[in-house]
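Put together the whole structure using the sequences plus the hints.
Going down the list, the protein sequences come from chains A and B.
Its first residue numbered 139, the first sequence is counted upward by one per residue in the numbering used here.
Its first residue numbered 2, the second sequence is counted upward by one per residue in the numbering used here.
Since the hints were made in silico from the structure, they are not lab data.
Keep in mind that this is a model prediction, so the values were computed, not measured.
Hints may be right or wrong, so weigh each one.
[To be verified] Here are the in silico distance ranges between beta carbons for each label pair:
| no. | chain 1 | residue 1 | chain 2 | residue 2 | range |
| --- | --- | --- | --- | --- | --- |
| 1 | A | V451 | B | L230 | 33 to 39 Å |
| 2 | A | D459 | B | A254 | 57 to 63 Å |
| 3 | B | G305 | A | A144 | 43 to 49 Å |
| 4 | A | I453 | B | E233 | 37 to 43 Å |
| 5 | A | Q441 | B | E56 | 19 to 25 Å |
| 6 | A | A157 | B | E56 | 58 to 64 Å |
| 7 | A | E506 | B | R334 | 45 to 51 Å |
[As the list claims (entries may be wrong)] Residues of chain B clear of chain A, computed beta-carbon distances all greater than 10 Å:
| no. | residue |
| --- | --- |
| 8 | E233 |
| 9 | L278 |
| 10 | D291 |
| 11 | D315 |
Built from N, CA and C at the ideal position, the CB exists for glycine as well.
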Amino acid sequence: MSAVAAIDVRAQVFAALRAIRPALTVIADQEGLKPFETDAFISHRETPMLAVLPENEGQALAVVNACRRHGVPIVSRGAGTGISGGSIPRNDGVLMVMSKMRRVVEIDPRARTAIVEPGVRNLHVSEVAAPHGLFYAPDPSSQSICSIGGNVAENAGGVHCLKYGLTTHNLMVVRAIDGDGDVIEVGSSALDAPGYDLLAVITGSEGNLGVITQVKVRLTPLPERTETLLAAFPSVRQAAEAVGEIIGAGIIPAALEMMDRIVIEACERFMKLGFPTDAEALLLVEVDGGFEEAGAALAAVRQVLEDCGATQVRIAADEADRVKLWKSRKGAFAALATILPDFYTIDGTIPRRCLPDMLERIVEMGKEYAMIVGNVFHAGDGNIHPCIFYDANKPGELERSEEFGGRILELCVEMGGTITGEHGVGIEKLRQMCVQFRAPELAAFHDVKAAFDPAGILNPGKAVPTLRRCSEWGGTHVQGGRMPRADIPRF
Amino acid sequence: MSETHIPDLCARVAAAAAAKTPLRIRGGGSKDFYGAASTGEVCDVAGYSGIVAYEPKELVLTVRAGTLLTQVEAALAAERQMLPFEPPHFSAGATIGGVVATGLSGPRRPYAGSVRDFVLGTRIVNGKGEDLNFGGRVIKNVAGYDVSRLMTGALGTLGILTEMSFKVLPRPPVETTLLFEMPEADAIERANHWAGRPLPLSATAWQDGLLRVRLSGAESAVRAACVKLGGEEVAGAQDYWRDLREHRLAFFAEGRPLWRVSVPQTAKPLSVGSGQLIEWGGGLRWVCGDIDSFALRSSAEHAGGHATLFRGGDKAVGVFHPLKPAIAKIHKRLKAAFDPAGILNPGRMYNF
Numbered sequence: 139m140s141a142v143a144a145i146d147v148r149a150q151v152f153a154a155l156r157a158i159r160p161a162l163t164v165i166a167d168q169e170g171l172k173p174f175e176t177d178a179f180i181s182h183r184e185t186p187m188l189a190v191l192p193e194n195e196g197q198a199l200a201v202v203n204a205c206r207r208h209g210v211p212i213v214s215r216g217a218g219t220g221i222s223g224g225s226i227p228r229n230d231g232v233l234m235v236m237s238k239m240r241r242v243v244e245i246d247p248r249a250r251t252a253i254v255e256p257g258v259r260n261l262h263v264s265e266v267a268a269p270h271g272l273f274y275a276p277d278p279s280s281q282s283i284c285s286i287g288g289n290v291a292e293n294a295g296g297v298h299c300l301k302y303g304l305t306t307h308n309l310m311v312v313r314a315i316d317g318d319g320d321v322i323e324v325g326s327s328a329l330d331a332p333g334y335d336l337l338a339v340i341t342g343s344e345g346n347l348g349v350i351t352q353v354k355v356r357l358t359p360l361p362e363r364t365e366t367l368l369a370a371f372p373s374v375r376q377a378a379e380a381v382g383e384i385i386g387a388g389i390i391p392a393a394l395e396m397m398d399r400i401v402i403e404a405c406e407r408f409m410k411l412g413f414p415t416d417a418e419a420l421l422l423v424e425v426d427g428g429f430e431e432a433g434a435a436l437a438a439v440r441q442v443l444e445d446c447g448a449t450q451v452r453i454a455a456d457e458a459d460r461v462k463l464w465k466s467r468k469g470a471f472a473a474l475a476t477i478l479p480d481f482y483t484i485d486g487t488i489p490r491r492c493l494p495d496m497l498e499r500i501v502e503m504g505k506e507y508a509m510i511v512g513n514v515f516h517a518g519d520g521n522i523h524p525c526i527f528y529d530a531n532k533p534g535e536l537e538r539s540e541e542f543g544g545r546i547l548e549l550c551v552e553m554g555g556t557i558t559g560e561h562g563v564g565i566e567k568l569r570q571m572c573v574q575f576r577a578p579e580l581a582a583f584h585d586v587k588a589a590f591d592p593a594g595i596l597n598p599g600k601a602v603p604t605l606r607r608c609s610e611w612g613g614t615h616v617q618g619g620r621m622p623r624a625d626i627p628r629f
Numbered sequence: 002m003s004e005t006h007i008p009d010l011c012a013r014v015a016a017a018a019a020a021k022t023p024l025r026i027r028g029g030g031s032k033d034f035y036g037a038a039s040t041g042e043v044c045d046v047a048g049y050s051g052i053v054a055y056e057p058k059e060l061v062l063t064v065r066a067g068t069l070l071t072q073v074e075a076a077l078a079a080e081r082q083m084l085p086f087e088p089p090h091f092s093a094g095a096t097i098g099g100v101v102a103t104g105l106s107g108p109r110r111p112y113a114g115s116v117r118d119f120v121l122g123t124r125i126v127n128g129k130g131e132d133l134n135f136g137g138r139v140i141k142n143v144a145g146y147d148v149s150r151l152m153t154g155a156l157g158t159l160g161i162l163t164e165m166s167f168k169v170l171p172r173p174p175v176e177t178t179l180l181f182e183m184p185e186a187d188a189i190e191r192a193n194h195w196a197g198r199p200l201p202l203s204a205t206a207w208q209d210g211l212l213r214v215r216l217s218g219a220e221s222a223v224r225a226a227c228v229k230l231g232g233e234e235v236a237g238a239q240d241y242w243r244d245l246r247e248h249r250l251a252f253f254a255e256g257r258p259l260w261r262v263s264v265p266q267t268a269k270p271l272s273v274g275s276g277q278l279i280e281w282g283g284g285l286r287w288v289c290g291d292i293d294s295f296a297l298r299s300s301a302e303h304a305g306g307h308a309t310l311f312r313g314g315d316k317a318v319g320v321f322h323p324l325k326p327a328i329a330k331i332h333k334r335l336k337a338a339f340d341p342a343g344i345l346n347p348g349r350m351y352n353f
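Here's what the structure looks like:
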């Protein structure tokens with residue numbers, strides 16, 4: 139599009155958005171658009187053509203229809219805490235900011251459900267449910283600021299997924315506006331819905347299949363008792379084995395987190411929690427549930443940790459102590475910032491048995507790139523979060539950290555895992571999608587998108603790479619048309 | 002003809018697509034009765050069987066679609082683990098592929114999760130004869146759209162399932178069942194009240210004034226819950242739950258149409274003028290008899306749910322609840338994309 143035509147489209151869309159009644163906030167000035175240039179994938183930014191802040195579904199629908207008429211893409215955005223760039227705007231598109239749609243529409247304690255608008259903060263749902271003895275289980279570490287719409291779009295995880303599941307396991311109904319401008323309701327207030335499981339597909343679709351306008355979430359009874367243990371291990375391998383043994387003993391802990399020596403030392407320097415700094419790995423284990431259930435699990439976990447060679451096992455004596463133990467995990471990223479000014483957090487999942495090998499390979503690659511890497515991650519479900527430290531002021535360091543991260547993700551695929559466990563693909567991992575999936579699979583993803591958004595106006599270019607880009611990148615798996623896995627033996 | 006080799010299956014599907022020959026996908030045939038009448042050449046996938054990988058400490062199982070459900074359950078039981086959604090077999094030949102294709106879960110579903118909740122990945126052959134992998138073998142994975150779960154319950158209309166990975170869970174060490182005498186409305190009310198507290202519930206069933214509640218977990222937890230809930234402990238109740246899951250209770254006696262009415266768990270008693278068996282803490286209501294389908298569907302819909310003609314009856318009324326137009330539109334587009342020739346179990350689910 140020529141610059142003149144682009145200005146023309148912008149003026150027309152601006153007029154169309156301003157004509158919506160009742161009127162909604164439309165931001166058009168550069169100053170006002172500045173805060174929306176990026177999400178939490180801060181190394182990339184773009185100024186949107188325009189930004190709108192709808193207050194209800196009717197206005198959001200009017201925006202979608204106005205954009206459809208002008209063939210202008212829409213990027214929707216919640217609190218902007220995503221770290222894969224899923225809500226980074228386009229300069230030829232409208233940014234739909236959902237933060238004004240933040241009503242808790244209904245809490246039904248008897249049915250254990252809550253209906254909320256997309257801009258409601260994750261933690262707020264648990265806060266309003268708490269008086270009824272309930273909570274909303276998915277708890278991404280940004281839960282005090284991230285919003286439910288974004289959680290659904292990214293299928294957010296958290297530290298309690300192993301027992302309580304991801305966002306996709308805790309939803310009943312999602313209302314959304316599809317690319318045709320139809321308001322759709324997927325899922326059901328019953329335990330299943332007729333037809334295909336469109337709720338599963340829309341969850342984690344990164345804004346590509348619909349603009350989410352309302353979400354009915356499932357609430358979970360608050361546990362009667364929670365027990366937290368911290369165990370120090372002389373090697374990562376022993377800590378990883380302990381994780382397998384806990385699960386092998388038939389216990390599903392609410393949380394099972396691991397930190398390596400780099401992180402332990404940073405936490406000690408930053409928070410002085412009195413942890414043994416000579417340990418190579420710390421395991422933070424939490425068990426919860428009914429009073430007796432949690433008690434039985436506590437005794438069993440303690441035994442396993444000691445049998446697996448823990449040099450020290452601390453059990454939180456009370457709530458204050460529990461908070462202190464968690465401080466190491468939750469404050470880990472802040473503590474890490476004391477090592478170098480910038481770090482890049484990687485998100486991938488591998489089969490848990492591969493953890494020790496993966497951590498060894500990361501250390502080796504760290505030497506190759508001359509970069510420090512700290513590991514703090516969800517060991518229970520094999521979801522790793524290596525943090526690569528760099529100094530953005532040194533030319534080339536950011537790029538090297540990204541290349542290093544890319545190699546870790548490719549190693550995840552090699553080990554039978556995935557390039558993203560909970561952060562999403564966004565723009566960050568488009569390239570690795572070409573490694574994880576082959577051309578016909580990527581084509582199927584594009585088909586799914588087209589079923590919801592035939593014109594491709596919803597967050598185009600995110601989450602799934604085009605086949606052409608994969609070819610340009612030389613993705614090893616893009617050899618379209620060849621019979622895959624022709625070597626599978628007969629039996 | 003049984004396909005035991007994926008490239009052969011791909012070739013067969015591609016040839017059928019070219020000739021527009023409908024294929025009726027079949028494993029053990031245990032759920033032949035389910036869904037609209039299907040036509041076409043039988044595409045037998047029971048031969049593609051065997052456990053590909055099972056790592057108890059990873060809680061992950063990968064299995065070929067033709068594997069017998071009994072074999073899967075035995076392998077898990079040997080490691081004191083289970084498929085948490087407690088799927089019905091409906092006959093000895095039931096395969097794991099049929100479990101995922103129908104998406105049917107058993108009594109534990111409201112407290113543990115459904116089939117789709119535990120599907121981590123699927124390998125399918127689509128209607129173009131392409132061998133595709135979605136999801137994976139790890140518990141947390143958000144790369145690409147969740148096509149694995151889309152396949153769950155799609156009755157083979159979007160692709161032929163060839164392999165699947167599940168998250169599995171430890172088997173609870175102790176299970177016991179409590180019996181209460183109470184009317185329908187009270188049973189629904191109590192089940193919902195208990196579900197809002199941290200109790201080790203694992204199943205409920207109400208019929209003819211009797212509510213059964215199953216508790217599963219650590220010995221101490223189950224004991225404590227029995228004291229809290231009251232009721233009368235029933236010996237040998239595992240047979241009851243198995244017969245409920247397998248529809249072998251007298252209530253399910255063959256011959257009369259069986260409706261599966263899925264409603265919010267808190268939905269008030271449905272007045273349908275026929276006997277009911279209520280599972281899933283109020284969320285699943287089985288209705289047996291010659292019911293006016295229109296009236297039943299509107300009362301299910303009014304309650305916020307939907308009704309399926311599960312077994313028998315006049316399938317001309319539509320086995321599955323009609324879809325809203327905007328949702329039907331997306332279904333048709335998905336079907337056209339995954340199976341452009343319309344050869345995979347055509348009409349088994351809806352009229353496309």
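Run the structure past the numbered hints and jot down the numbers of the failing ones, going up. Of the numbered hints given earlier, the structure breaks none, since each of them holds.
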